[in-house]
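2 protein chains.
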Amino acid sequence: MVTVPIQALDAAARDRLFLEARTANKWQDRPVSDRTLHELYDLLKMGPTSANCSPARLLFLRTPEAKERLRPALSSGNLDKTMTAPVTVIVAHDPAFYDLLPKLFPHADAKSWFTSSPALAETTAFRNGTLQGAYLILAARAVGLDAGPMSGFDNAKVDAEFLAAEGWKSNFLVNLGYGDPAGLFPRSPRLDFDEACRLL
Amino acid sequence: MVTVPIQALDAAARDRLFLEARTANKWQDRPVSDRTLHELYDLLKMGPTSANCSPARLLFLRTPEAKERLRPALSSGNLDKTMTAPVTVIVAHDPAFYDLLPKLFPHADAKSWFTSSPALAETTAFRNGTLQGAYLILAARAVGLDAGPMSGFDNAKVDAEFLAAEGWKSNFLVNLGYGDPAGLFPRSPRLDFDEACRLL
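Protein sequences appear in the order of chains A and B.
Each residue of the first sequence is one higher than the one before, counting from -7 in our numbering.
Each residue of the second sequence is one higher than the one before, counting from -7 in our numbering.
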């Protein structure tokens, strides 16, 4: 039996990631640097995906011009917080992600698993792109940002406006910045262990 | 302008969650307690979901009997590591998650958003159940466990064997335990920022 030290996170880190973190709806007047976005990506890219397929594609909208292109796709409830966020990320995925598998997963002919099954490819892109979107939310918290994820928008409009040239598909949006606590809603309840889990 | 202290995670925590964490394929002979599984759930349940819908349902397979029920659904490449893992989690979701929205999201009639659109309900369950599966992977690392997520298995067999009574649907599997570094594969490359990201 090998013995490797267990390195659980301390209470402050658990608070930062899960227990005290909140979805931001209002933002401090404090910019997010491109350097921080690179730092964010360098964390989230390391999260696991199936056969390392890494299908997520991320558009970081930082300028007023980019935000204006997004505006027509937003639902009314998401409009103000998104237009005022320092950065809004379009979390998308590449349906043809398998073209990069010879680089990403060189030990097997993984590309053929997906070119032979369009349904598997579509499910894999959505599942793993979503996993990477979750890694983005938690990596944002890890680098000191607050996140505001949302799926209330018109995916087809976003795809047409931003993603048509590369053929990518939008999944959800995440506002990034430094949250203003004045914009927080009361915390909503979660399901108890026995409601959501089974021990077998 | 409010000023709230930024609390980014330190290097050790970033290593534990993202940079040094690895998908485990071999396990130390060290059990995972039910208390640790509750600790895990109490972190992951706090991660954000759309309208707090929390569709994930988690089956923790701990006993040899439960593992044997899973065996026929596993692909050959995932068999040994799964049968020897202290715990295997079936990450599933409840397609009728919206029935709990009056409890989870009491400020609006969110249930009607989904009962009026089965396609939206299905996409929302899969997307948000997957987000919660990613929270589980990172929460496992946060409590000192190693994770081994995989989607190489027969979902229909798992649904029939474990989930038929409640109508839940399997998404992916995650082995949990304390990894043996002897089972690690060399790290695979990730996409560079410019391959996966756009700054607009």
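There could be a bad hint or two in this list.
Intra- or inter-copy, both count: the list cannot distinguish identical chains.
What the hints assert, rightly or not - For lysine to any residue, the following SDA-like pairs were computed, each having C-alpha atoms within a straight-line distance of at most 25 Å:
no., residue 1, residue 2
1, 161, 181
2, 95, 38
3, 149, 35
4, 103, 71
5, 103, 118
6, 161, 143
7, 18, 108
8, 95, 149
9, 18, 4
FYI, nobody ran anything at the bench for these hints, they're computed from the structure.
Results for each hint:
1. 161 / 181: between (32 Å within a copy, 23 Å between copies)
2. 95 / 38: within (15 Å within a copy, 35 Å between copies)
3. 149 / 35: neither (30 Å within a copy, 35 Å between copies)
4. 103 / 71: Intra 39 Å, inter 22 Å, cutoff 25 Å: inter-copy only.
5. 103 / 118: So residue 103 and residue 118 pass the 25 Å test inside a copy (16 Å) and across (24 Å) alike.
6. 161 / 143: both (13 Å within a copy, 22 Å between copies)
7. 18 / 108: neither (46 Å within a copy, 30 Å between copies)
8. 95 / 149: Neither: 32 Å inside a copy, 32 Å across copies.
9. 18 / 4: within (23 Å within a copy, 30 Å between copies)
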